[in-house]
Amino acid sequence: MTRAPEQRTGLVQIDRERLRFRVDRRTYSDPEVFRRERDTLFRRCWLYAGHSSEFLQAGDFVTRTIGGFDLILARDRGGQVGAFYNACTHRGSTICREARGNARVVTCPYHGWVFDLQSGQLRDKATKSGYPADFNFDGAYDLRRVPRIEAYRDFHFINYDSGAVSLEQYLAGAVEYLDLVADQSDSGLEVIAGGQELYTPGNWKLLIENSYDAYHGPTLHRSYFEFLDTRASNKNMVATQRGYGLGLGNGHGAFEIELNSGRPVAQWIAPFGEEAKPKIEALKSALVNRFGDARAERIAERQRNLIVFPNLVINDNIGLSVRTVYPQGPDKLMAYVWALGTRNEDPLLRKIRLDNYLTFVGPGGFATPDDFEAFALCQRGVDFTPPSWSDISKGMTRDEDLLRAKADFTDEAQMRGWWAQWDRMLGGAERLDA
Amino acid sequence: MSGIIRREEAEDFLYLEARLLDEWRLEDWERLFTDDGRYLVPPVGIDNPASADPANMLFLVADDRTRIHQRVLRLMKKSAHAEYPHSRTRHCITNVELRGHDDVGTKVSAAFATYRVRRREVIAYVGQLLYTLVRVGGTLAIREKRACLDLDVLSPQGSLAFIL
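Heads up: the sequence lines are chains A and B, in that order. All the letters of the first sequence, read from the start, carry residue numbers 63 to 496 under the working numbering. All the letters of the second sequence, read from the start, carry residue numbers 183 to 346 under the working numbering.
This is chain B alone, in the form it adopts within the complex (with noise of 0.2 Å):
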């Protein structure tokens, strides 16, 4: 890890992947992540789950970096029905904070807002995202996105089609 990662440089970087995200350029926001990078979105209606592991509990979505990739390919087939056409979305972030470091990466929490509008409806997806951040050749990358949602049951939302 060379240098430390200032909050403003953080949240720079998250607006970066927030608008990445809208604007459906998935390949460029594949990019963010390293290639140990992970992308975790845990079971709703949890306690922990900051600190809930994939490998005993059912999550959402639990994506190494392979998977990260077929992810995205995926929604950028017209096969992807669930998202086909893409839904607008809107992912606002806020509450950006620094929660510090360690060999594996700087800690970035932050609060987040995404809207995704598709058929006459607006649907919010809130919750908390924690990031494992380092820098790679002088600039942020992603080891690791966790996105964890303040909702006790899939309602109204029923599925997570999207990226959050």
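Chain A on its own, in the form it takes in the complex (with noise of 0.2 Å):
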């Protein structure tokens, strides 16, 4: 087993002897960490940028912002999704500007140059005069393609370095949580209407952790989980979860436990009502017949939360969310937050899962304003109090190998994973072995 060099940016301190894992914490404030990571993390990483029910016919199309460069997104007549850089090659103006839809071309509002959404071609000047017949005889001017754009189980990931390894060896052992998600639903998944933009005070790495630290869940979250034991008819649901969290190589990691607050896919609790009952059993049984008990188990029982190195997160837990956060400098983070849903979803369980959903992490929920709460918080702290050290020691071993260890799911060990990919790549590592 390779271990990965340690140590390389003087950031993370890892002392295995007194079993410490600290994080400086100008990471989360120093303008020049914020361009390393830029120019880095993500420019060299893969990067999620959407799911296949987001263009589903040839023409749809999306834009959003990924890694700080705007892109549009859209599917050709050959079922390929392809991403370009929404901006027109003649003066740099923005040339799309709904947030989705479905088109064959797009015309630049400023001079009115047209492309081809599919094929990125320019079609049209508006004027031909003044420029030679053969002007864009090399596509010079055709829409700029993001060099790489691959798909994982219908997530679509870019990549602007093109001499990146494939996604599918980028994702290392993140593809068998990947799988565990795609596999609920036989008929695939899809982004339900509805999702969110959203820009809140502090460091983005702040979201990251928080996002596969089940620790603070007790504590920060206690208001919740008494809303939940109401609702379980007065059971202490913190005190029923057991699980682990693992690195998965490459700075990818998860937490998987077993919590009885209920699935849409596929765990029946009273609160849901006895006419969905049948409705969750079927659902189970059927994924007993594709997986058989134990997978069947691990899929509809369990809930997970997944990091994709170095900022997609899923959480597969009371409903299904995909979200990716970006910086906005130092101390401002961006987030897009998608709740999925399985397609053809019974309308009950549609609703059952939304309704689980937003109360726990939409942005009005009972927890996630809690949860930014904590990152302004914590930026305050890191932004007005002396230099200090983060510490990501919890369930740390002398002898564990950073990128794959595995421990309690309070514990840490999937977030040293995390960090340790993070310090090798803002330390210079070229590539990335799995």
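Hints listed in this document are in silico derivations from the structure and should not be mistaken for laboratory results. You can take every hint at face value.
With a Cα cut of at most 30 Å, we get these calculated DSS-like pairs of lysine-lysine:
#1 413(A) <-> 339(A)
#2 259(B) <-> 413(A)
#3 394(A) <-> 259(B)
Two chains, two frames, some hints: make the complex.
This is the structure we're talking about:
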């Protein structure tokens, strides 16, 4: 087994003797760190860009900002999803101003240059006068394509580094968890209308850490768990949790727990109502038929939070949420948040799913606002107290392989894997090894 | 439904509601709702927030009466960290119009600008309120309150910790 070289940037301090794993708090505040993250992580890693269900038909497109670049993602007639920079090749104006839609061509509002949205080819320039007939002979004025776009199980990722390893190689052990999510339905998953784009104070890494930190639940989210307890006939939900967290290679990580708080696929609890019971049980038996008892049990009954390095978060718990997080400078983050459901989902189960979801993870829910509060408080503490270290040692062992360590789910093994990879990449590691 | 609701009456009722929220008298606010009352905040950036349905779209808030109660309980706890200590808010309501009535109740629309003041910042939440009001035992009650935010993205708000 290869062990990642340790302590490259000097910003991550790994003391195996004293079992201390600490991160220099300048990583949350220093503009230089922000620039290095942008130029390494967000230029060389695979970044989640969208889900197949967002562009089902030829001509379907979405626009969004991925790693600091405005992109248009569009499905072409051959079924392929292309990624283009959303700027006119003439003078740089944003050309596509809708968040989503279906179109054959897109026309720049400034001088009327027209581009084929499927091939990216320049079609027309409003007037041909003044240009040679073979002006675009080499395609120099076609929409610029993002160097790489690949998909795994309907999750589409882009990469700005043409020499990057394949997506599947990059994903390493994370494919096991993406499979557990995608296997919930044999007709696929879909993004549910109402996804959010939000901006909130705090370094982006605070949201990453928070996303697979199970340790903070009982304290920060006490009021949410108290709400759950009242629903589940006054049972103490926190005390029933069991599970593990682990690194999945290349900085990816997950935790997986047993918690009887109900899942549309497929764990019925009384608050869902009697009408939902046979529907959920049918989904469970379908999973048993497809995958056998053990795997069906795992897909249906367990909850999991997955991080694909550096910034994709999939929370497959009481609902299914997909988030990506980006820095807006050192002290502010931006996140896209989508709820996913199974395609052709029963309307009652869809309602239960959304209900479950927005009560917890939604920005108006009973938990997420408190997470955001914690980011703001951490950022304040970082910016307005003398330089110090943040501790990520919980559950550390002397000989753990940082990228693949496994520990109790309330420990921080999965987070150490993320930081070890962060340290490698910012410290100049050229290529990734799974 | 007994009795037509007049605009002045609806206005006074909305001002009362706004004041209860600004004074953090949330238990009193909760009592303004009927037993089947709902409090809804549709997603931002959509074309049809007035008719959007929380059964097939991800809302920011889709509370039935039980969850309105749970929201109030939570917001009055110290462990609702995003609202501890409580932020100062000012719910401003204008452009109040009666929009007809049916067997569900009287429809009222209003424009709102709610300011949340917290940690050196004033953040505005702007939009349209759509109410279904009913008269219960001589006093008005809320059967549905739908707060449609005029935002395309949650910037700079980030989240919605308090009640609009």
